[in-house]
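Visitor: Those sequence lines, one after another, are chains Y and P.
So that you can map any letter, position 76 of the first sequence is 75 in numbering that gives the first Met the number 0, and since no number is skipped, the others follow by simple counting.
So that you can map any letter, position 280 of the second sequence is 279 in numbering that gives the first Met the number 0, and since no number is skipped, the others follow by simple counting.
These aren't lab readings, by the way, just hints derived from the structure by calculation.
None of the hints are false.
30 Å max Cα-Cα, derived DSBU-like pairs, lysine-lysine:
1) Y:K148 - P:K468
2) Y:K269 - P:K67
3) P:K239 - P:K64
4) Y:K87 - P:K522
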Amino acid sequence: METQLFHIFRNTPLGRETLLQSIYFCKKIGASPAIYIPKFTKFLMYFENDVVQVDLDESYLTAPNTASDHATELLLQGGFNPRFLEPKNYTASTLPDIPTNFDFMCCPRSISDLSSKIGLGYIGPRVRRIVTSARFPVLISSPVYKPWKSITVFFGGSANAVKALRLGCRISRVSGIPLDVFTHAENRNKEVYEKIIQKENLEEDMALYADKWHIFEKGTFEENLYEVPHDSLVILGAFGHGLIKDIVFGSKMEKIQSVISNNLLIVGPKYTATT
Amino acid sequence: MFRPDDRLLLMFIGIIVGICSGLAALALNKSLVAMLEWLHPYRHLWWAFVLPAAGAALSSLFLNKIVKEGAGHGVPEVIYSVSRYGGLLRFRSSFSRLISSCLTIGSGGSAGPEAPVVMSGASIGSNIAKFFSLNDRQRITIVGCGAAGAISSIFNAPIAGLVFTMEVILGEWTALNIVPIAMASVAGTEVSRILQGNQIPFSHRQFSIDLVDILACFGLAVSTALASILLTRLLRSMRKISGKVPFPLWLRAAVGGCAVGGIGIFLPVVLGEGYHSIRTMIEGGFSQGLLIAAIGTLAKILATALTLGWGGSGGIFAPSLVIGSLVGLTYHRFIVLLWPSVSWVNEGCFALLGMAGIISGMLQAPLTGIFLIVEITGGYDVILPLIIVSATSSTLCHYIEPASFYLKELVDKGQLLRPGTDARVLSDLSVLELLEKDCITVTPNMLLREFIEVVKKSHRNYFPVEDEKTGDFLGMIHLDDIRPYLFNPVMYDAVFLEQIMNPRVQIVRPDDDLSEILHRMNKNRLFSMPVIGNNKFLGMISKATLLDQYRKELRVQTTN
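Only chain Y is shown next, with the shape it has when bound in the complex (with noise of 0.2 Å):
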């Protein structure tokens, strides 16, 4: 089945970067382009048990008589015939329905926010909603257009970090990209993760598609954020150890996000995992 990538294009320099990453990840992982031209300055997202409305900021409706020539541009020169979405249903006139079957979506840090205000650490609240309820995995795209080189994926051995290890193959197999797996040791020891992907039969997939597992024991997990590859894809889970657990001790996540500046692979909950 044709794996899609949903974009929300927006008409600026700093969208232009965004599409180029968009491409790029679909070029690596064989999936095509949907991308989607904004009319209005807000869409609704309706999925399984939860509906999202995203409000975009003025600038996605940025000179619009160009915006359909500037995508259609990029998406020839990355080898795709333009596929661009127009809502076919929606709730209020100025209100359309985007459809939430698709495999990825791509999201800059934030979609509710000026570019001017968008920076490292900030990941806006309807992103978060997004990933808390799509079945896809969402691309935070780099601020600027950054391939990749290599897979890296957090594994900390929680349910999403699971499913994440399982994406990091299945887009290994796909790219043919190396894959590593990193692993922050909380006063666990291998085994105890060894133990899980053996569980969850992830054992060969790792011998075939894992690279290098770099399980840090010391120092801190901002500290070591340092050893990703400044060119690597980052895929980690979220939100996979509970609200409470999450407002507490903070989530991964956040850190991350927060830290490097790397294209990030985010796989919420409700994702389901195929390797």
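Since chain Y is already given, all that's left is putting chain P on it; use the hints.
Guide: Quick look at chain P alone, frame taken from chain Y:
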């Protein structure tokens, strides 16, 4: 999670939702009273006409800039969500319309608080259902509980809340829905009775109705139907006109509000939700003559269209009641003028019947009109003329405007998917669910001889042809296409599939609507079509599989 029984759980959640939506309705009611009292001293001042403008502008700014929702009363949004997305509603909708409608109505805009509380109650229900991870059908029931609780609370009318929800919001009467929604209605009503007393909103003295009054009701029904159509069309045209004005949304709302304020200087009856005016009319205290009553009717219709059509926030329930009572009054005065010797029933009775006529006409929901008026006026003594007016008015309106005010936009866009209808069943299925993937693909440079070997292995009549290098779909071959060559073995090594394939075959995209696909199959007498995504063949979709899945889905949707 431990779930003793789904029905008990739904009843329990229904009660919680009924209480919450009842409280939301009361909060709006109390806020409106407070705001009306606060602004009362300024109403007689010369600049008071700007009050509705300020309220409508603030309401529009709040909706568009702060909570980022569109204007409108929200009931079509609830119906749309129920019919297409299992009742999923945004959390912000649980309070947004309460605040915006309070600003619009409290400042004097001609609108009602009922639709906003329906939206609020439905959203509360939807979000509580999300919290309990209920499935789509259960969530829809709980959304209905929210709407029922809100209407029951604001009118102190539990049956009207139940009937309105089943007739207008859900569009189906099933045992699964009725019990929790009834419980929510009771809970909403009880909240209202505990916190503000068991009051009948428009109580009246006993009416003595004769046959001649009942006969006159047919004329009243025609009048209310015409008024309903006028209000519906004026509202729609005001929206179109305001949409063409190149002003920001808040300024458009202010323009509408200003015009309402201007009318209100001469005819204060048009301002606000108008419950006080209704009471006066039912009690027979409306002292002005026929002409003023008729002008008042038209002015209220215009004021409502200006308020809601230009971007104010609120519903049409309360204005419909005011317009209905004015129509009833005008009609009564007219027949008294024509036949002064007949001893007609008191004009308050016609005001009351007019309300039922307009509600039934606007909503095309006669039961809602009947039960609402019975409950808010506290008696069954007018039930016979009430039935006549409601049934006749809704039938006439349906004849002139096939879709009700709430449903018109949804019907026009093909987005009203009531349970058990073709459109609803097909919308719950997708092309990808119906894909038949057992087709053997062939290439254009394959010889007929090789193809015959492929045919032997396949049990299908269709063979998609794909480009050898790119895998792109090129066309189809049907078994009938090779029949002319089958009995001529000389051709086996002379004919390539490229020569006999059909490149102009009708195709289906993965995101096409199934109802449209079925229509195309019927129109072109096709039994199956290839599904193509991004130039690649994904599988076949056949009428047999589609109808088989249709039957299964219909069974799921219609079984409790």
